[in-house]
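Generate coordinates for the entire structure from the input sequences, incorporating the hints supplied.
In the order they appear, the protein sequences are chains A and B. The numbering of the first sequence is our numbering, which starts it at 1309 and goes up by one. The numbering of the second sequence is our numbering, which starts it at 13 and goes up by one.
No lab work stands behind these hints, which were simulated from the structure alone. There are no misleading hints in this set.
As a list, the in silico DSS-like pairs of lysine-lysine whose alpha-carbon atoms are at most 25 Å apart: (1) B/481 / B/22; (2) A/1397 / A/1383; (3) A/1383 / B/243; (4) B/92 / B/58; (5) A/1383 / B/101; (6) B/344 / A/1317; (7) B/394 / B/481; (8) B/303 / A/1336; (9) A/1336 / B/344; (10) B/336 / A/1397.
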Amino acid sequence: MVDKGDVEKLAELARINVSQEETETLAKEMSDIVDFVSQVQEISGDAKPVIEHKNIMREDGEPHEGGLFTDDLLKTAATAKGKNIVVPKIISND
Amino acid sequence: MTSISDIRAKLLSKELSVEEVVNAALQNAKAKESYGAFLELYDDTKEQAEYAQKLLDEKGEEAPALCGIPIAVKDNMLVKGHVATSASKILDGYVAPYDATVIAKLKEQGAVLVGRTNMDEFAMGSSTEHSAYQKTLNPIDDTRVPGGSSGGSAAAVGLDIVPVALGSDTGGSIRQPASFCGIVGLKPTYGAVSRYGLMAMGSSLDQIGPLTTNVEDAKIVFDAIKGLDPKDSTSQSGKEVETSKKMKIGVPRDLMKEGVDEDVLNHFEASLEKLKEQGHEVVDVKFETAKYGIPVYYIVMPAEASTNLARYDGVRFGPRVEGKDFNESFSKTRTEGFGEEVRRRILLGTYVLSSGYIDAYYNSAERAREVMRAELREIFEKVDVLATPSTATPAFKFGEKSDPLAMYAQDIFTVPANLTGNPGISVPMGEVDRDGVKLPVGIQFVAPHFGEERLFTIGSDVTGEEYTK
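So, in structure tokens, the structure goes:
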């Protein structure tokens, strides 16, 4: 069961704004979906533990020439100045 | 429909130049613009065609298999210097700063990339109705959907605009639209094709593959794009499994007891009979965990998608909607940028991963996935391939699946292969009559990991095409 309070909390965590009306629809739809997917617990019980995830590492050698991709990557940002991405202020003064 | 070998023969005999082939594809795309297969036709095809022609003139018969072949690309793969949006407003105008590995490989072969195709936003959907930009119509019946999420790619091939399009398949997004559009679609073994430069949805499920007019072409494209890639640590150059000419085909009939269209079932049984006549053996198998495929998938996929889509914050990619501070900008950008289905899946993913629920949902789903893998391994000790219909029904009408769970049920036969990493192929098995229109339906085969050759062999026995390894 997913209620309106849950949807509001999830939306806040996921950084998505939902309207009052949307909250109601989503609570209903997500409840149906969560009920439906709960059946996984019927077969997962006696399962062996999930295979361990492993990292595949590589040597951190032979770097490419500095700045090779900087301009192309900066172009994809919403706002940039010089060699920096400009972001809205995070810490306020008050 | 035109195949790779049809075009290659004409290029080699100099009956047509690469430029003529490419221009014909572009003209055809413009003539069929109302189908909405493409989001954009590229403006640098002339240069690409010149490069291909040069390669072809130099090497002749030795030129790579895809040299001079026009190819369409799903809008979630990066082609350097071109816009790529995953059919989402949140990436409106985003220009790819590098080539995806599959794109680099195609370019090296001299393939000509003609444009990017429509899709469900971030590959979330089974009808392409979730694109933020446009509808795509089914090539056979324009009142119906082409399937999804690679619906634009399937339509581009089904409309005979290009012989090949790339798609991506997270839960059936290549095989289901291939079935709905009467063409061949291959989802390779997980890791067989590099995902570098593919916008991630469910990272443990996503795989790039070809949509083509026949099985031989699927093999040609698969050979061109597969292989270990240091830029994707989940990619592998696995050992190909043995393929015999006569196979033992397992049919999980329990899965087809309800919800499958009767005409689809009749075509499926007829295809199996045809395969028996060709010397294959057909046996019933139990695949008991398969029915849990959809519930497992709708936990794992949203969980991974919600994590992957956290990067769209209005800072590094795409436009930003300004707010009074960082957090408000962040939320406003995502609220305006993401469509309804994407928002729903992000919230669902956030839910199944949140503390208090992660064990009951996400961890349970991952354990269930392991049970499925184990069962499938056992099945493949007894049979060479599994066969099911690709989809339970032919293409449905626009707006018919407005309930999310009804849309999710589309993937019933296709999701198990994504959850277990096995390769699957959909090939056309016949047509069913709906309101006087003959709609194509596909048969799906699934093989052990790196058993693509088995899929090509059995698939070509269904289509009746000449196929030699």
